[in-house]
Amino acid sequence: MGHITDHFGKRRDVAPAGRGYSGDVDVSPAQWDGGPDGVLVLHGFTGSPHSVRPLAANFAEAGLAVEMPLLPGHGTTVHDMSTRTWREWTQAVDEAYWNLRSRAEKVAVAGLSMGGALALHLAARRSVEAVVLVNPGVVDPVKGMAWARWLAYAIPKIRGVGDDIAKPGVTEGSYPQAPLRGAAQLHELFKETRRVLPAVTAPVQIYRSLVDHVVSDASHEYLMTHLVPEPELVPLPSSYHVATLDHDAPTIFRGSLAFLDRCGLRLPVHDSSPLPTLETKERTS
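Numbered per the UniProt record's numbering, the sequence shown spans residues 1 to 285.
Just so you know, these hints were derived from the structure itself, not from any lab. It is possible that some hints are incorrect.
Below, simulated SDA-like cross-link-like pairs (lysine to any residue); rule was C-alpha separation at most 20 Å, straight line [to be verified]:
1. Lys-191 to Thr-225
2. Lys-106 to Ala-62
3. Lys-191 to Val-228
4. Lys-106 to Gly-35
5. Lys-191 to Arg-125
6. Lys-167 to Asp-26
7. Lys-106 to Cys-263
8. Lys-106 to Arg-125
9. Lys-167 to Thr-251
10. Lys-106 to Thr-201
11. Lys-191 to Ala-92
12. Lys-106 to Pro-36
13. Lys-191 to Arg-84
14. Lys-106 to Ser-127
15. Lys-191 to Met-224
16. Lys-167 to Phe-253
17. Lys-106 to Glu-61
18. Lys-106 to Gly-63
19. Lys-191 to Ser-82
20. Lys-191 to Ser-216
21. Lys-191 to Glu-221
22. Lys-106 to Gly-34
23. Lys-191 to Ala-124
24. Lys-167 to Leu-210
25. Lys-106 to Ala-202
26. Lys-106 to Arg-266
27. Lys-106 to Arg-262
28. Lys-191 to His-226
29. Lys-106 to Asp-261
30. Lys-106 to Gln-31
31. Lys-106 to Ala-124
32. Lys-106 to Glu-129
33. Lys-191 to Gln-91
34. Lys-167 to Val-211
Can you make the complete structure from the sequences, with help from the hints?
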């Protein structure tokens with residue numbers, strides 16, 4: 001396990017674009033009407049709704065109401081993000097949840113990366129029918145994140161962790177740099193999410209890339225041993241961290257709809273054939 005500055009600095013160079021983001025992306029939040037049930041969809045650290053927009057649209061096309069917020073400090077500037085706290089992120093998720101709840105009888109939540117931690121944190125406190133996680137983070141991926149708040153005085157910004165995507169020519173819409181104060185808040189969010197995890201009773205489905213340069217295996221392994229009932233674990237053999245924009249996105253789209261259907265959300269009939277787990281893949285490989 002490397003040092004925090006090594007981890008946040010090992011991704012490829014990205015060209016800064018408008019509003020401090022890489023590439024030509026739409027970072028705006030969105031809502032879709034539908035129902036009677038709905039899904040809250042959450043993006044990750046230094047990212048934007050662009051990274052999960054196809055997943056949200058997939059839910060909307062299935063007839064679900066969808067809420068996809070832009071988290072505080074995202075979609076603006078790296079400096080703005082450096083002033084935000086993890087409590088602002090959870091508050092924004094709460095607000096989005098209640099907005100969705102006002103028009104949906106049953107609510108599920110889906111999250112990518114840090115969005116996965118936020119989804120679990122919400123599920124520990126609010127009524128949700130199901131939780132869908134894509135490469136979720138709940139354990140610090142590198143040493144030193146606990147010291148990030150002090151390191152930030154000497155090194156305010158470091159290279160970002162965005163665009164970890166195997167598919168050529170695809171960008172997620174993330175900051176090209178990451179504020180160390182933001183990394184400190186991420187550490188606090190992970191710690192708080194682990195603390196409240198025993199309160200999560202909704203069924204959980206985890207999509208896990210076999211190659212991920214951002215989130216370590218420690219996160220999904222922690223969830224597999226601390227969540228009851230044990231989550232359903234689905235391998236993504238051809239994608240990196242931002243799997244919602246990568247080669248295995250169709251697997252996520254199809255499988256998450258089937259999972260929500262099994263969990264009692266009302267949506268049109270979809271292919272509900274079982275997806276392989278990491279264990280079954282190992283047995284057949």
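Any hints this thing doesn't respect? Which numbers, in order? Failing hints: none at all.
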